[in-house]
Amino acid sequence: MSGELKKEQVLAIIKNKGNAKEKLLSILLAIQEASGWNYVDKEWAKLVATELEIPLTKVYDVLTFYAMFSTEPRGKYVIEICKSAPCHVAKADSAVQMFTEELGIKMGETTANNLFTLQYTSCFGACDLAPVVKIGEKVYGHLTREKVAEIIKTYREGSRCLK
Amino acid sequence: MMQNFAKVKKKVTVTIDGVQVTVPEDTTILEAAKKAGVIIPTLCHHPDLKPRATCRVCIVEVKGQRRFQTACNTPVGEGNEIFTNTKAVREARKTVLELILADHPQDCLKCVRNQKCELQKLAYDYQIREIPFTVSAKNLPLEDSNPAIVRDMNKCIKCGRCVEVCQEVQQVAAINTAHRSEEFCISTAFEEKLADSPCVYCGQCVAVCPVGALTEKNDTARVWAALDNPELHVVVQTAPAVRVALGEEFGMPPGSITTGKMVAALKRLGFAKVFDTNFTADLTILEEGQELLQRLQEGGTLPMITSCSPGWINYIEKFYPELLPHVSTCKSPQQMFGALAKTYYAQKANLAAEKIFVVSIMPCTAKKYECTRPEMRSSGYQDVDVVLTTRELAQMIKEASLDVDTLPEAEYDAPLGLSTGAAVIFGASGGVMEAALRTVYEVVTKQDLKDVDFKMVRGLEGIKEATVDLAGTKVKIAVANGLGNAKVLLEKIKAGECDYQFIEIMACPGGCIGGGGQPFGTTVAIKKKRLEALYEIDQGSEVRKSHENPAVTQLYDEFLKKILDHEAHELLHTYYSARKD
Amino acid sequence: MSKIMPLISANCGKISPASVEDYVRAGGFSGLQKALKMPPTQIINEVKKAKLRGRGGAGYPAGSKWQQLYEIKHFPKYIVCNADEGEPGTFKDKLLLEKDPLRVIEGMTIAGYVFNAHDGYIYIRGEYAALQDDFQAAIDSAVRAGYLGDKILGTDYSYHLHIMTGAGAYVCGENSAMLNSIEGKVGRPRVKPPHLAEVGLFQQPTLVNNVESFANIPTIMQIGGEKYLSYGTVDSGGTKLICLSGNVANPGVYEVPFGLTLRDLIYDEELGGGPSGQKKIKFFHLGGQSGPCGFLSQLDTPYCYQALRDKGLSVGSGAIVVMDESVCVIDYLKAVTEFFIHESCGKCTPCREGNKQIYALLDKFAQGTASKEDYALLQRLSTLLAKASFCGLGQAAATALSTCLKNLQAEFDAHIEGRCPAGVCFTKQESGEQ
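Protein chains in written order, with the working numbering: chain A, 1 to 163; chain V, 1 to 581; chain D, 1 to 434.
None of these hints come from the bench; they were simulated from the model.
Errors might be hidden in some of the hints.
Unchecked claim - 30 Å max Cα-Cα, derived DSBU-like pairs, lysine-lysine:
{"hint": "1", "chain 1": "V", "residue 1": "LYS87", "chain 2": "D", "residue 2": "LYS387"}
{"hint": "2", "chain 1": "D", "residue 1": "LYS48", "chain 2": "V", "residue 2": "LYS87"}
{"hint": "3", "chain 1": "D", "residue 1": "LYS185", "chain 2": "A", "residue 2": "LYS138"}
{"hint": "4", "chain 1": "D", "residue 1": "LYS48", "chain 2": "V", "residue 2": "LYS63"}
{"hint": "5", "chain 1": "A", "residue 1": "LYS46", "chain 2": "V", "residue 2": "LYS10"}
{"hint": "6", "chain 1": "V", "residue 1": "LYS116", "chain 2": "V", "residue 2": "LYS35"}
{"hint": "7", "chain 1": "D", "residue 1": "LYS151", "chain 2": "D", "residue 2": "LYS99"}
{"hint": "8", "chain 1": "V", "residue 1": "LYS318", "chain 2": "A", "residue 2": "LYS42"}
{"hint": "9", "chain 1": "V", "residue 1": "LYS355", "chain 2": "V", "residue 2": "LYS318"}
{"hint": "10", "chain 1": "V", "residue 1": "LYS193", "chain 2": "A", "residue 2": "LYS42"}
{"hint": "11", "chain 1": "D", "residue 1": "LYS185", "chain 2": "V", "residue 2": "LYS193"}
{"hint": "12", "chain 1": "V", "residue 1": "LYS318", "chain 2": "A", "residue 2": "LYS7"}
{"hint": "13", "chain 1": "V", "residue 1": "LYS121", "chain 2": "D", "residue 2": "LYS387"}
{"hint": "14", "chain 1": "D", "residue 1": "LYS185", "chain 2": "A", "residue 2": "LYS46"}
{"hint": "15", "chain 1": "A", "residue 1": "LYS7", "chain 2": "V", "residue 2": "LYS193"}
{"hint": "16", "chain 1": "V", "residue 1": "LYS10", "chain 2": "D", "residue 2": "LYS192"}
{"hint": "17", "chain 1": "D", "residue 1": "LYS185", "chain 2": "V", "residue 2": "LYS487"}
{"hint": "18", "chain 1": "V", "residue 1": "LYS355", "chain 2": "V", "residue 2": "LYS562"}
Because the structure is a prediction, the values reported are computed rather than measured.
Next up, chain A with everything else stripped away, as it sits in the complex (with noise of 0.2 Å):
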């Protein structure tokens, strides 16, 4: 599953996405959603420490602290559910039973076929739509059983775009 991405697409990305050591979240993200996997691997992450001239133990640093990286790959589709309290208290365990149930892993893990992964997430403000996951750029609010089946099979069937 791992090196996913040759050398000429990081390099388009990091050119892309302009070759100055500000940039290096939105490249290094851009680079994760080229994946595939929603990952970076050590040997893209040596190509734009060298292109941004960054010592590869600060991309580390980076890649490491923020929470949207991942250096392992994961799922095709990573379902982020929210863990934070005003999700807690309108019962966003429900949304965890609910994934869990239905994809039948736990909370951490991918599915068999690679198509999801299932993980907490802190909260990225939808709490008036609680219980609410995240998909890609997607926020599902309002979970029932239902709705959940739903997003899973639409997923499955490939019909969706992260975009």
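Given chain A's structure and the hints, the job is docking chains V and D onto it.
Okay, now just chains V and D, sitting in the frame of chain A:
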């Protein structure tokens, strides 16, 4: 950058624990408190590094402020009333220490920094008797995949000193902070082994670590085993920087000259011969001086750069391999010694080379790696078998229960124990340059050099430049210590912007006296004392020019024949390789 | 009489967000036009008269902040909008960014003009990636129409706006951490001094304000500071976007004038609408996770900066999370602490180690194994975090805990005795287990 508006430093007056003190306006509370007789405790703070203010041990109360202020980085303000010792401060400070200790292994008795640990000292000073918090063990594996440095991240207290030194001072950037929250740690990129990282083993991280998280690889057991082995003839060489620092391990003030006692101790430990790396330092000057003259006369690659600092060699191999032709082909004095010990000395002592075991005592961690380099086997065997740091020698002396105070002084053995004042200053930044100038001057001008002091290359300044007049021939030289400063010069060379002919580079700030293997607690103030001692030894030496070392002359007469010639080339010179990945 | 006052949220849902025509028709950019004819000092005066307090959470008087930066004679200066909105329970900046981006742009441009800054940056949290492209579209529209970019509205003043993205770190809401993040680094807060006004973005003097703060600037230009102040209270000018969530009937964003009571906000039919279920309201959490908890006895406190402060409460980000009697305070505080553990940058001892230990202690209460000593330890730790942490995150992490320790001690005592009033936590066995 902060605008500097026409500054004559104003003075401000503050009271600290009721004592009035007047200080320049940007003095920190920490510094001002010293004038009031209070040494506010610190932990992440290091006097030679920028304050990070993260441990929160140095917190104090300032009247009118809701929150505690950290003394290490907060400047005093006119009229401040500062309290370092109220109930609230003591309680908070104790809580901070308890929190740090709750995240720390509780095995001081078995720790390499037992008795020499800054955290342990604070726990003692603040009467920590129990930790009311949940103590958690991390059980991370030791990282000791390389010959020089061991990382025990279970003991890391996240003070950040090592990161500051590696990223900002040395500009190697092999380690950095990573993750956040409870996973916040100090790490290499992608947790690779130090051996696979840009690390050059300079050991500056070890030098600043307040606890047992970073140490050198302990090789004392291997030395004891050799000494206990009747089959082996064990000889030892000592670097110049060790003799002016070893005393600190035994309670002597920094800058104590312990040469005689060090030699005596080594003899008592059981070394068959106690030799001096200074001997081969003199030798290096002859070879390197000649090499420089050859390059100057024959249009060789200039500037030529010295090669005795293995941390520096690692650095240029990894970061600027395209500039390798600039480096002198001379081995370091340590390695020249090893090659000669197993050939020249073996012959003279009528011993088989494989029976000779060479130990070197160094202020350096990188030398532990240097002796394992595959090309350092000119004798047919590993030329230098084991390297010990100044600290490890002290450990062995303690293990042998020697009473250093009463030990009578002893002399080095011949033929590899005789040296000049030019050799001993190798331990200082600028020392190799000065020693080389003393010899090159006489070779070029064919005149006697009356005043051998080249003071403009001395001192702790990061980059020193000068033009030396060799009776009409001008030679432009530069001296850099600390890899961040080396980088400045290398970038100039790359850009074609410099016209130096000869450059001395030492990986460690201040030179070898500030090496990664020196006694813990080294500061700029202590380095100054060690430097003074080196120059004092030089001043008091009978012979102060390397080419006047009779033992070196004898070596050429009997064995090497000619400088830079075949035999010398085989044993005393080497090659480098690019290690950029 | 409606309690809602749409001063800055009037356009939301009513206009096409990136449409300059729509925005201008609704009165947009008139503030900028006015400002460009005023000397900067006069604009700062209006902001001072308006008594606009920072809307991000700290509530620092914007007029004073602008005055301080104005007096620093070192260029270039930068304008930065903190759109990190990481405070749980807060989603009002999202509304403005999505539905009325040109208002935020206008505010940032007026600020740029005041400080003669030529570049502004808006740091939008990574979780709001979905709206970043649309915000860029709004910027592009404004440039095309001459309200942004080179020679704005035919004057000599040029100002360019750049979007920078976060990547998931609540601590980047701390201004110095955010600047580090904009510079492409990890978002760990900076050592102070120096302060941001002197050494900020790219080492230059910098103004940082929240999205909602900038959104108020065009209004203040349009109607004047005095009128703006009159909508609120004597110390808190204008309106506040509050965010209601939790066990409340009508969660959402509401724009209200300062001076209504907490009771109005939580119970009024037009606003919170009271509890969402059958259970009664037990307590509430103001200003986000980093704010104090409020209790039923405090419901009649007017919602404005000073009055709340006097009661040990605060406005903060404007979040109001409501908890009913089904919520156990200990369990709630565990969730709050877990958030701070996850978001702590990890640098300083009190926050990194303290939050961890607070959680372990709260867990003891939840398991029924806590003692009076543990209660005292919680007090000691919450004081330490408040007074000794490196940055605002650590300083505020235990605020909720301290207010509950003080006002709901009974709940802690109950858990020590093995009872959970809300019936959530594990209770001690009846068989006398200690």
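Each hint, compared with the structure:
1. Taking the CA atoms of LYS87(V) and LYS387(D), the gap is near 14 Å; set against the 30 Å cutoff, the hint holds.
2. With a C-alpha separation of about 41 Å, the suggested pairing of LYS48(D) with LYS87(V) is violated against the 30 Å cut-off.
3. Restraint check for LYS185(D) and LYS138(A): satisfied, since their Cα atoms lie roughly 27 Å apart, inside the 30 Å limit.
4. Distance restraint check for LYS48(D) and LYS63(V): the Cα-Cα separation of roughly 29 Å lies within the 30 Å cut-off, and the hinted pair is therefore satisfied.
5. Our distance criterion of 30 Å between C-alpha atoms is broken by LYS46(A) and LYS10(V), whose separation comes to about 49 Å.
6. For the hint pairing LYS116(V) with LYS35(V), the CA-to-CA distance comes to about 26 Å; that is within 30 Å, so the pair holds.
7. As the CA atoms of LYS151(D) and LYS99(D) are separated by approximately 27 Å, the hinted pair is consistent with the 30 Å bound.
8. For the given pair, LYS318(V) sits about 19 Å from LYS42(A) by alpha-carbon distance, which is consistent with the 30 Å threshold.
9. Taking the CA atoms of LYS355(V) and LYS318(V), the gap is near 35 Å; set against the 30 Å cutoff, the hint is violated.
10. Taken as a hint, the LYS193(V) and LYS42(A) pair is honoured in the structure, with Cα atoms around 14 Å apart against an allowance of 30 Å.
11. At roughly 24 Å between alpha-carbon atoms, LYS185(D) and LYS193(V) fall within 30 Å of each other, so this suggested pair holds.
12. Taking the CA atoms of LYS318(V) and LYS7(A), the gap is near 22 Å; set against the 30 Å cutoff, the hint holds.
13. Taken as a hint, the LYS121(V) and LYS387(D) pair is honoured in the structure, with Cα atoms around 25 Å apart against an allowance of 30 Å.
14. At most 30 Å may separate the alpha-carbon atoms for a hinted pair to count; LYS185(D) and LYS46(A) meet this at roughly 16 Å.
15. At most 30 Å may separate the alpha-carbon atoms for a hinted pair to count; LYS7(A) and LYS193(V) meet this at roughly 25 Å.
16. For the given pair, LYS10(V) sits about 21 Å from LYS192(D) by alpha-carbon distance, which is consistent with the 30 Å threshold.
17. Distance restraint check for LYS185(D) and LYS487(V): the Cα-Cα separation of roughly 23 Å lies within the 30 Å cut-off, and the hinted pair is therefore satisfied.
18. Between LYS355(V) and LYS562(V) the CA atoms are separated by roughly 28 Å; this keeps the pair inside 30 Å, and the hint holds.
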